[in-house]
Each structure stands twice: as structure tokens, then as C-alpha cells.
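If you read the sequences in order, they're chains B and E. Numbering of the first sequence is given in this note's numbering, commencing with residue 65 and proceeding in unit increments. Numbering of the second sequence is given in this note's numbering, commencing with residue 65 and proceeding in unit increments.
No lab work stands behind these hints: they were computed from the structure. Heads up, the beta-carbon is just placed ideally off N, CA and C, and yes, glycines get one too. A hint or two may mislead.
Reference listing, derived: stretches of chain B covered by chain E, where coverage requires no fewer than 3 residues with Cβ under 8 Å from a Cβ of chain E [to be verified]:
#1 150-160
#2 364-378
Selected chain E positions facing chain B (in silico; Cβ < 8 Å) [unchecked claim]:
#3 72
#4 140
#5 145
#6 185
#7 207
#8 209
#9 212
#10 281
Pair ranges (Cβ atoms, derived) [claimed, not checked]:
#11 B/138 to E/394: 22 to 32 Å
#12 B/381 to E/73: 37 to 47 Å
#13 B/348 to E/93: 41 to 51 Å
#14 B/381 to E/93: 30 to 40 Å
#15 B/73 to E/426: 47 to 57 Å
#16 B/138 to E/74: 30 to 40 Å
There are 2 protein chains.
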Amino acid sequence: MRTIHVNLGERSYPIYIAPGLLDDPAWIAHLRGRQVMIVTNTTVGPLYQARLEGALARHLAGCEVRSVALPDGEEYKTLAVMNDIVTALLQNRFDRGCTLLALGGGVVGDIAGFAAACYQRGVDYLQFPTTLLAQVDSAVGGKTAVNHELGKNMIGSFHQPRAVVADTATLRTLPEREFRAGLSEVIKYGLIRDAEFFDWLEGNLEALLRRDDDALVHAISRSCRNKAEVVAADEREAGGRALLNLGHTFGHAIETGLGYGAWLHGEAVAAGMAMAADLSHRLGWLGRTELERIRDLLRRASLPAAAPSSLDAASLRELMAVDKKIQTGRLRLVLLRRIGEAAVTSDFEAPALMATLRDCRAATAAPAT
Amino acid sequence: MRTIHVNLGERSYPIYIAPGLLDDPAWIAHLRGRQVMIVTNTTVGPLYQARLEGALARHLAGCEVRSVALPDGEEYKTLAVMNDIVTALLQNRFDRGCTLLALGGGVVGDIAGFAAACYQRGVDYLQFPTTLLAQVDSAVGGKTAVNHELGKNMIGSFHQPRAVVADTATLRTLPEREFRAGLSEVIKYGLIRDAEFFDWLEGNLEALLRRDDDALVHAISRSCRNKAEVVAADEREAGGRALLNLGHTFGHAIETGLGYGAWLHGEAVAAGMAMAADLSHRLGWLGRTELERIRDLLRRASLPAAAPSSLDAASLRELMAVDKKIQTGRLRLVLLRRIGEAAVTSDFEAPALMATLRDCRAATAAPAT
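So here's chain B without its partners, still in its complex pose (with noise of 0.2 Å):
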């Protein structure tokens, strides 16, 4: 078992990978009360939410165990729905000392969370991801919300876990194209901020893609130490977490373009990925090598490397301008120095992005060699 620290002084942390983690009692330990109740979706808690009753059975002496399934979907990741989890607690008298379990993917971790943020002010949560992309990024970092309908996490508060459990062999059941997806935000440290993991990643694709046990361990490893040295510096995001957003305001503008749920995030965030790139070449920052490389890998993971080009440059422009991480009416995007390397930055000429917007899309997506 692998075991990542995220240090946030009083709120520290730590996050276990490993296959087989939900029978393992390294995470009961966590439990400060005896009341726990188990939040999953329909898809999930069949699979796998007797596995952690069983291990509160034989390892936590008299504790009281109750479940809600949420109906599965992004859709459903609304107030209502958090306000059906304290309906749950209140019914079940759950008082303060009480814990949540959240498990399955990012939307069950996210509104999870967001209801332990705010049930009688506050109570504690373990995450249990159960996709890649949450054994990689949502399940880590505090980052809690529910969608509004005028823009999705528009409702939220940071709230950290008081463990992360990842147990890898969750991920045998991920259908294929959400699997890969996920490789889209493990990608996105090695770009950000850890050259090295990159060069292991070209390296060692194919046992990713194959879900080889010890591939994948290294893989979510590698990539949670990246987002825990980013969020211990920087919890509420007011500087270096904004680094975990390349390509997310690309690919935000993809999805909501294309209306959400037509591309999976990791799909949109990777060929946000590749614009940010392709910007960041245009820019002189990143070198001609550097942006095939990057297009490479994400081919060879079966990514976009691209918009889609039913969505016009001028579109695509418009819906950046209403991404939330606008402070001052002026674009911020983040933009890569060299494959390793990030900065957050407002410094571009208009029309360098007007360039990658109109070039970066399907049919120009093959390598400009």
C-alpha cells in the first residue's frame, strides 16, 4: 500500500492506493464516532458497498451503518439531492460525531463531501473514489459542490476528507472511455509540474491502458503527491492550485458548447490540453518537440488533441469569457513554460488565441509535422 500525505496542518490527511483497500481496516482507524453513513449511487453501492460494510462489521465495534444510493448522473448533482443525504442523517438521528463515506466517482465524492461540509455546520467524510479521475483529482484537495442551473459548482465549500482510500481494483469495472478519461488529468501533473512522470508515462502507456496493478499504483500515486503538494500550498485556491486548471477552460468551453455530457470532462479537459499547448508554442514558451509530444500521448491514450469542429473559434471564445476563473474581465489561462512547467498568465495577444482556437480543432488535428 502506498500512502500520500496531504499536509494541511490540523486538516493533514493521508490517501492509501492500493487494490483490495475497501475490506482493509487501515482506513477504520478514521472513524471518530460510530455513526457512518454510507453514501453511493445506484451504479456503484451494488458493486461494492457491501464490501465496506463487511469491514465495519468485523473492525468497528457497535457502529451503526446506514446507506443512501443517489440516482446516478451528473445531472442529479443538484442541492435537492444533498438536501435527500441530510434527510437520511436527520432521520437516522446522526448527530456531529458522525461520518460520511463517499463512494463512487466524482459527483457522488463532490456532493458527498458538500453535504458533510454543511450538515449541522460540519462533520467528517472519507473519500472511497471509485473512477480514475476521482482516485486522481476530485477525491483529493477539500473541493466540494453541487451544480446550479446556471453553472455547474457554483455551490460548494472546501472541506477536506479526513482520509482518501483508492483502491485501484475499483477501476476493473470503469468502462473504457471513462478509464480513459481519467488519464487525462494523470497527464495533466506530469505537464503542470513533474517532467519526469511525463517521461514514465510515454514509457509505460500501454500497462496503464492494460490496468496493470503496479502501473496504476504508481500512476495514482504519483499524480495525488503532485495534487497534494499543490493544494498543501495553496488550499482555497488563491494562487498555485489555479496551475490544476490547464486545459479547463478550453475544455469547459467545450462542454458546455457541446452541452454537457456529450464529451466526458477528461476528454475535454485533455484537448484543452493540447490548446493550451499549442497556444503556449505560439507564445515562443513551448517548443515545436514538446507540443507533439504532448499530442502524442494523447492520441495514444485515445484523447482528443482537439476541439471538435462543429464548434466555430469565435464560439469557443465566447464561452471562455463566462468561465468562473475570470477575476477582472481580463482572460487568464494557464500556459506551459516546457513540459513540466506551468504559470498562470493574462500575457497573450488576442489573436495568438484566436489562432489556436480556429487551428486546434478535429480536422487540423493531425500532427503539423
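Chain B is already provided as a structure; the job is to place chain E on it using the hints.
Quick look at chain E alone, frame taken from chain B:
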């Protein structure tokens, strides 16, 4: 102008207390951005909103001021109404640098504070409390919440304001009954930790009831100083902050038993404090003379010093059992060692509690000389 500092490290903030502060530029310095959303209700807004807007127009160049008026009443302290505030923020494209101004009583402050806690995972807010209860209690300390159909304040957050601005002139429009209910929490500070203040209240109650400016500023400042010290020592209610709940477990039982709204919160707390004093006396903690001083002061403020006769002891006991302060099945109460010193304890015999519940009812509320 009096200023009380709430010392919470990087979350520290001032409380300003004086008549006329809505027009005063003192609080403008606490606005970090130019987007300002006034959150008020349909009763308070027409009286005072223009004053805030005028101050902003005079003292904050280029600010963008919007407002949202909530329906007036505890029954609107819901997630749905909080969501309406978020809708207004998003429709106006307010970003993470925006500030909410909560203008009204405890309901407006709690819900606007919770909206500020959640909007884009947390934005700034200032409290402009316009009731005595809010000025001495709910606006100070960062507790925000909305109600759930199964319990009050069950969904919320600790989120400190950037400043609290208590314009004592706004109390002139407060209905007499609400004003007296607010005095209940003022008296509470004397009881739990400030015997000298309790003496002062005995000597100056008539000036307060006349709403004399000097008396008000003194009483509110002293109350806020007490609350600030308690909050600074225990921001998230892990320990000492629980002393602020003197009378509240009894009071909540009365409020629930009568149906919310029959008695004002401060009225129920007044009866609850008298009951806590009675139980403290039965345990030998509090002398007969002190018990009578407490009852006398409450009666002089036209506040109840006993539970309503319509609620019998068994019903009250049952209602107290579901109060959220119960952590481990054992009822814990805030009791008085003497005037000016309180303690949280579960060290009392059931018969003593039942005797208090049986005897402290309106029919026996006359001084037991």
C-alpha cells in the same frame, strides 16, 4: 463609535457599534471588490437599503451594487431561498471577488452568510444586523445556516464576516416585543461570564427599555465583547462556545412544543435561562438570592421566567432529548455555578431535572419568596 475586535487569526474582523453607521464610510474599507450584493428582506429593505446604497455611491467609486429582497420570516430560511441568492449572483455575473451585505435580522444574516459561504466555495460578506438579537448574537461569530424540514439550522457553515456593522439607530423601528426578546441574549452574557455586566443591567434596564443611545451602545458593545472572546477561544464550537447555549436546550423544547413562532426565540431562551437557574439552584450551585435576581431581571424586561403551562414536564423532557447538543445519548446542559459563571454538565440526577420541568411553569412563575 465603539469597535470590538473578534480575534480569529487571518479571519479576524471588527464589530462597529454606534447610531448612524449605515451612512458611515467606516465599513467601506472592508469591501475588497467592486461587486456588491445587498441581501435584505421585504420589511427591512424599504427602511434602510437606500442608506447602504448611498454610502456605497459616495465612498466606493465604480462599484456595481445589486440587491435581492427575501420574503420576511423564519419559514423562508431554506435551501431554496439560499439558491435564489445564488441565482441573483450568477445572473449578475458576480465573481469570487464579490461581497454580500446582509441587511436585516438573524434570518437574513444566517441565510446570506450561508450563501456567501457556499457561492463559488466562499466569498466575502458583511453583517448589518437591524435587530437587537442579531446585533448581540447571531451576526457575530460566523455561524450561518438554513433550516431543514426535520430540524432548525441543520444545514450550514462556519463562515466569518469581514465586518459587523451594528447601527443602533435601526433598533428604533424594531417592534417592542422583538426588542425585549433581544434583551434575553444580552442578559445571557451577564449570566454566563460577566457578573459586573449583570449588575449594570440591573441598574440600567429602564434606560435600555427606553432605547437610550448610550445605554444601547454600552450593552451591545459589552455583549459583543463577551461573544467575541468566547468565539475567539472556540471558533467551531468544540468546547467553550457551548456556554453560549445557556437556556437554549430548554428554550428549543418550548419553541418546538408550542410550534415555531408562538414564542420568539429570545422569549423561549429567557424561560430556558430561568429553568437552568432553577436546576442549578436545586443542585446547590446557585443560591436562592441569585436565582431570584435572575427571575426579577427577566420579569422587569417583560420576559417569561418559566415555561408555558400548556407544556407538561414529560413533553418538555422528550423534546429536550432530540436537541442537537446531545452527543452520546446523555443530555448535557449549560448550568450556572453563580451569576457570571456557567458550565456544561451532564452531572445531574433525572429527578432534579424533572422537578425543574414540573415546577418552572407559568402557573408557578411568580417569585417563590
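Here is what the structure says about each hint:
| no. | hint | verdict |
| --- | --- | --- |
| 1 | 150-160 | holds (count 7) |
| 2 | 364-378 | violated (count 0) |
| 3 | 72 | violated (15 Å) |
| 4 | 140 | violated (15 Å) |
| 5 | 145 | violated (11 Å) |
| 6 | 185 | holds (5 Å) |
| 7 | 207 | holds (7 Å) |
| 8 | 209 | holds (7 Å) |
| 9 | 212 | holds (6 Å) |
| 10 | 281 | violated (31 Å) |
| 11 | B/138 to E/394: 22 to 32 Å | violated (43 Å) |
| 12 | B/381 to E/73: 37 to 47 Å | holds (42 Å) |
| 13 | B/348 to E/93: 41 to 51 Å | holds (43 Å) |
| 14 | B/381 to E/93: 30 to 40 Å | holds (37 Å) |
| 15 | B/73 to E/426: 47 to 57 Å | holds (51 Å) |
| 16 | B/138 to E/74: 30 to 40 Å | holds (35 Å) |
Taken one by one, the earlier hints fail for this structure at numbers 2, 3, 4, 5, 10 and 11, listed in ascending order.
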